[in-house]
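Undergrad: Using the sequences and the hints given, assemble the complete structure.
Here's the letter readout for the chains.
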Amino acid sequence: DGGITQSPKYLFRKEGQNVTLSCEQNLNHDAMYWYRQDPGQGLRLIYYSQIVNDFQKGDIAEGYSVSREKKESFPLTVTSAQKNPTAFYLCASSKAESSYNEQFFGPGTRLTVL
Amino acid sequence: AQSVAQPEDQVNVAEGNPLTVKCTYSVSGNPYLFWYVQYPNRGLQFLLKYITGDNLVKGSYGFEAEFNKSQTSFHLKKPSALVSDSALYFCAVRDMDTGRRALTFGSGTRLQVQP
Chain A
60 DGGITQSPKY
70 LFRKEGQNVT
80 LSCEQNLNHD
90 AMYWYRQDPG
100 QGLRLIYYSQ
110 IVNDFQKGDI
120 AEGYSVSREK
130 KESFPLTVTS
140 AQKNPTAFYL
150 CASSKAESSY
160 NEQFFGPGTR
170 LTVL
Chain B
-17 AQSVAQPEDQ
-7 VNVAEGNPLT
3 VKCTYSVSGN
13 PYLFWYVQYP
23 NRGLQFLLKY
33 ITGDNLVKGS
43 YGFEAEFNKS
53 QTSFHLKKPS
63 ALVSDSALYF
73 CAVRDMDTGR
83 RALTFGSGTR
93 LQVQP
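Heads up: the protein sequence lines correspond to chains A and B, in order. Taking the numbering used here, the leading residue of the first sequence gets 60, the next gets one more, and so forth. Taking the numbering used here, the leading residue of the second sequence gets -17, the next gets one more, and so forth.
Certain hints may be false.
Distance condition first, Cα-Cα at most 30 Å in a straight line; then the derived DSSO-like pairs of lysine-lysine [said to hold, decoys possible]:
| no. | chain 1 | residue 1 | chain 2 | residue 2 |
| --- | --- | --- | --- | --- |
| 1 | B | Lys51 | A | Lys154 |
| 2 | A | Lys68 | A | Lys154 |
| 3 | A | Lys116 | A | Lys68 |
| 4 | B | Lys31 | A | Lys68 |
| 5 | A | Lys73 | B | Lys31 |
| 6 | A | Lys130 | B | Lys31 |
| 7 | A | Lys154 | B | Lys31 |
| 8 | A | Lys129 | A | Lys154 |
| 9 | B | Lys51 | A | Lys129 |
| 10 | B | Lys51 | B | Lys4 |
| 11 | A | Lys116 | B | Lys31 |
| 12 | B | Lys40 | A | Lys154 |
| 13 | A | Lys73 | A | Lys116 |
| 14 | B | Lys59 | B | Lys31 |
Simulated from the structure, these hints should not be mistaken for laboratory data.
TA: Now the structure itself:
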């Protein structure tokens, strides 16, 4: 099956810890994205990457970091600097050759800070 | 800057009745517009998009949306609602004339279809 996988589905973190969320796609898409979803606020863009070894900050990048070493993978690290990390995190990908291509989403990771 | 407004947090409709979920947008250039649906604890699924051409766009599961440039709106519609349509719906926009390649999403509208 082609698609986007995210792991783990649920993640619990103690305060002060860094955690890394995995996102893998086998759609051969160039562009990948990370969003954060909070109740009543829709999706907010954290980081995005149009090509391997390049990425840009989104609207709420503070306290997060990413890497894009492979086309298929775009992991997100939630650092201890992120003050309110409890949220639902969604990864997406799209073809990059045209900006009107729709994004395909993974199933999400729910992060809870204990 | 680009933005999207979904003025209704929730829409309630009886099964078999037509439904409308509202979306208005703001861009400095010309818009690309999208609708997505989200079921509980799942990712978003693409429904339809407007790029150019016919203002009435048809998408998945019998949904359609009408682009209205003068009113800067892109309302989602379906002639006959199903209970299984109950979900969270997101409108999204991208300004085709700016450098930002990512979408901006609205806050979402919860659709509740009663049997």
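Undergrad: Decide, hint by hint, whether the structure agrees.
TA: Verification of the supplied hints:
1. For the suggested pair B:Lys51 and A:Lys154, the alpha carbons sit about 26 Å apart, so the restraint of at most 30 Å is met.
2. Using a Cα cut-off of 30 Å, the hinted pair A:Lys68 and A:Lys154 holds, with the two alpha carbons roughly 25 Å apart.
3. Under the criterion of a C-alpha separation no larger than 30 Å, the hint pairing A:Lys116 with A:Lys68 is consistent with the structure, at around 24 Å.
4. A hinted pair counts as satisfied when its Cα atoms are at most 30 Å apart, and B:Lys31 with A:Lys68 qualifies at roughly 29 Å.
5. For the proposed pair A:Lys73 and B:Lys31, the alpha carbon gap of about 41 Å is over 30 Å, so the pair is violated.
6. Between the alpha carbons of A:Lys130 and B:Lys31 the distance comes to roughly 26 Å, so the proposed pair stays at or under 30 Å and holds.
7. As the CA atoms of A:Lys154 and B:Lys31 are separated by approximately 15 Å, the hinted pair is consistent with the 30 Å bound.
8. Straight-line distance between C-alpha atoms of A:Lys129 and A:Lys154 comes to about 15 Å, which keeps the hinted pair within the 30 Å bound.
9. At most 30 Å may separate the alpha-carbon atoms for a hinted pair to count; B:Lys51 and A:Lys129 exceed this at roughly 40 Å.
10. A distance of roughly 14 Å separates the Cα atoms of B:Lys51 and B:Lys4; the hinted pair therefore holds under the 30 Å criterion.
11. Annotation: proposed proximity of A:Lys116 to B:Lys31 holds, straight-line Cα distance about 25 Å (limit 30 Å).
12. A distance of roughly 21 Å separates the Cα atoms of B:Lys40 and A:Lys154; the hinted pair therefore holds under the 30 Å criterion.
13. At most 30 Å may separate the alpha-carbon atoms for a hinted pair to count; A:Lys73 and A:Lys116 meet this at roughly 25 Å.
14. For the hint pairing B:Lys59 with B:Lys31, the CA-to-CA distance comes to about 13 Å; that is within 30 Å, so the pair holds.
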